[in-house]
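Engineer: Single-letter residue listing:
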Amino acid sequence: MMIDVTVNEIIDLAAVSGRQLLFADEAGALLKSIGIPVSPCRVALDEEETVQAAAAIGYPVVLKVRSPEVVHKSEVGGVCLALTGEYSVRSAYREMMRKARMVDRQAQVTVQPMAVPGVEVLIGMTTDAQFGQVVAFGLGGIFVEVLDDITFRQVPLQEKDALDMLLSIKGSTILKGYRGSGPVDTNALTEIILNISKLAEHHPRIREIDLNPVFAYPVGALVVDARIVIF
Amino acid sequence: MIGAGPVDLRPIFYPKRVAVFGVTDTPDRVGYNILQSIIFGGFTGRVYPIHPRHQQVLGCKVYKSLANVPEPVDMAIICLNQFATVEALENCGRAGVKGVICSAGGYRETGEAGRALERRLVETAEKYRLPVIGPNTLGIINNDGNFYSTFYPLKIPAGKVSLISQSGGIGLAAIHTAIDEGLGINKFIGVGNCANIDFADCLDYLENDDSTTVIGVFIEGTSDAARFARTAGKVAWKKPVVVYKAGRVKDADQYTQTHTGSAAGSFPLYRDILRQHGVFTVSSIAELVAACKALAFQPLPKGNRVGILTHTAGPGVVMMDYLKPAGCVIPALLDQTISRVKQIIGSADPPVVLKNPLDAVGLGFGRSVYGGLAEAMLADKNVDLLLAVYCLHQTWELPAAELIAAHKKNNKPLLVNFIGNWLDCRQDQEFLQTAGVPLFTAPEKTAVAASALVHYGMRQKG
Chain D
1 MMIDVTVNEI
11 IDLAAVSGRQ
21 LLFADEAGAL
31 LKSIGIPVSP
41 CRVALDEEET
51 VQAAAAIGYP
61 VVLKVRSPEV
71 VHKSEVGGVC
81 LALTGEYSVR
91 SAYREMMRKA
101 RMVDRQAQVT
111 VQPMAVPGVE
121 VLIGMTTDAQ
131 FGQVVAFGLG
141 GIFVEVLDDI
151 TFRQVPLQEK
161 DALDMLLSIK
171 GSTILKGYRG
181 SGPVDTNALT
191 EIILNISKLA
201 EHHPRIREID
211 LNPVFAYPVG
221 ALVVDARIVI
231 F
Chain E
1 MIGAGPVDLR
11 PIFYPKRVAV
21 FGVTDTPDRV
31 GYNILQSIIF
41 GGFTGRVYPI
51 HPRHQQVLGC
61 KVYKSLANVP
71 EPVDMAIICL
81 NQFATVEALE
91 NCGRAGVKGV
101 ICSAGGYRET
111 GEAGRALERR
121 LVETAEKYRL
131 PVIGPNTLGI
141 INNDGNFYST
151 FYPLKIPAGK
161 VSLISQSGGI
171 GLAAIHTAID
181 EGLGINKFIG
191 VGNCANIDFA
201 DCLDYLENDD
211 STTVIGVFIE
221 GTSDAARFAR
231 TAGKVAWKKP
241 VVVYKAGRVK
251 DADQYTQTHT
261 GSAAGSFPLY
271 RDILRQHGVF
281 TVSSIAELVA
291 ACKALAFQPL
301 PKGNRVGILT
311 HTAGPGVVMM
321 DYLKPAGCVI
331 PALLDQTISR
341 VKQIIGSADP
351 PVVLKNPLDA
361 VGLGFGRSVY
371 GGLAEAMLAD
381 KNVDLLLAVY
391 CLHQTWELPA
401 AELIAAHKKN
411 NKPLLVNFIG
421 NWLDCRQDQE
431 FLQTAGVPLF
441 TAPEKTAVAA
451 SALVHYGMRQ
461 KG
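Chains as they are written, first to last, in my numbering: chain D, 1 to 231; chain E, 1 to 462.
Same shape as in the complex, but just chain D:
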């Protein structure tokens, strides 16, 4: 596990390894180093390490394949959610490696806790051909995929821009609470948005960031899955 690493070190490591897509644990460490709350992520080299990591994190856990050869994990069965004990971790690990090692003999896994569900949102950054670095915010899942309910701002963002993003999506009401659920912590979300803006501004080597989903809670928010692409 990476401790006390800087953004530049993580980017450098990926760059010298010829990878544009950071590993989940690298993306997590990068975000953590700039104060963004992320779901913990441990790398395990073999079955025993995987079981130890799961026990240390606490069940239920999520297993994901970690390999530069595997970009779309779910296509090779590289994602196993909600594993509740040692037995299910071991069998998931073996099944995952059976497929993954056909693609990459060095394939490893990452182990993460199952995050407590919250309101799903996405926060992203992309480098547009006309506008340059742009931050995106939207509600996750069907809202962004089907309804295109997503809003953009140019980097650098000011605090009022981040706040305006939360208000200007069509599904904004969901953040304020509906059908008995309370409002989510909008400060926690704007903080992540502003942090992403700063990260992009100071590190133009980052081409794309996709935090999806981010779980928004009544207090706080948590990045559950992070994808970072460098140039």
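Calculated directly from the structure, the hints in this document are not laboratory data. Certain hints may be false.
[What the hints assert, rightly or not] Taking lysine to aspartate or glutamate pairs in the DMTMM-like style, the calculated list, with each CA pair at most 25 angstroms apart, reads: (1) E:250 with D:145; (2) E:461 with D:164; (3) E:302 with D:164; (4) E:238 with D:164; (5) E:250 with D:149; (6) D:198 with E:224.
Mind docking chain E on chain D? Use the hints.
Structural biologist: Same frame as chain D, now just chain E:
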């Protein structure tokens, strides 16, 4: 963009001596039309048509080349084909010309060979630090100096609104809509392919152009959208900027690229980022002109509370559909305003809707009643601006004088929606607009115009 500093476009807009390359004696050629445009537009400087084989066109002596012109020129308009244009540009640079308009198309909008040719054009311009409008442009108009260089000869009313358009066709559409609206134009800039003068350069220039008070922009797409949005937001602190972005559908790129060589890009990005920078955006030419018109005629309101006076309910309903999403509020009227309304109508319990929108129905036709109601609403502390609806009628006349008086007394923005046609509204339009009160014929345009006023009023308040 030439270098880092702002570009001086004054020689292009206020030239004293102009050369026109490619002037033939046939009215179906661009060179002829541009000379026609300069003469018809009433240019008071000296114009030097250039063509190797003609002696005289439109009563002007024609010179064989730029070297034959008896004095240095400030600017040149090149109406040659795309290849000869590059050579003429080189000659202009060498002769110390300070600005050029290149009409010809056939550059990056046509593909790889055209892209290479445009690179040569830009390199030549850069070598001499020469601002080039176009290529692939209708031209420019400066009504502040009677300088018309569009290949559609025009003579249009002068005013305070300047327009920047990527398209000549849409530029003309906006100009003719402005004529219908009785809105004077100060400058028109057809940016075309934006070789080295982009939207942002034009915005920077117009920011410091004292004769321009409002800027309207039609854009399909620009490779430097980041700078465009930032500049529009910056300039809008000094004078309002209204942007109409076209090319919204997902496959718009292929159409815009073959038009002016620029991809349309992502519409949601333009929409959201212009909003981020506090720029007012519209979705049609009609709205672009209506918003510019309101901003040119009226002061900015102190707040977002809109009063609506009408004698027919529908327009109020339509207006609210536009006003509310734009952040406007339809406030309740003060009790004392309601009392005044009753007094003016002359009944303690009049058969009208006694709230905002105030629908005076049949009781509101009379000049003095309608004028009184308008004044009462404008005097209401809850109302920051008033939209007054009236329908064209054989018997009843628009209470124009009363509306002007009410406006003068309260000095709050007033927009009149006179429902009728341009032909029959023309006299009232002229009468009201001479007094600074804009008249619109459609409720939608009136509402967008009000939204533009509220947008910049609120932005200035912070």
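Engineer: Within a Cα-Cα threshold of 25 angstroms, do residue 250 of chain E and residue 149 of chain D meet the stated pairing?
Structural biologist: holds, 16 angstroms
Engineer: With a cut-off of 25 angstroms on the C-alpha distance, tell me whether residue 250 of chain E and residue 145 of chain D pass.
Structural biologist: holds, 15 angstroms
Engineer: Are the Cα atoms of residue 198 of chain D and residue 224 of chain E separated by 25 angstroms or less?
Structural biologist: holds, 21 angstroms
Engineer: Straight-line Cα separation of residue 238 of chain E and residue 164 of chain D no greater than 25 angstroms?
Structural biologist: Roughly 23 angstroms separates the two Cα atoms, so the pair holds.
Engineer: Given the hinted pair residue 302 of chain E and residue 164 of chain D, is their alpha-carbon gap at most 25 angstroms?
Structural biologist: holds, 22 angstroms
Engineer: Taken at face value, is the distance from the CA of residue 164 of chain D to the CA of residue 461 of chain E at most 25 angstroms?
Structural biologist: holds, 17 angstroms
In this structure, every one of the numbered hints holds.
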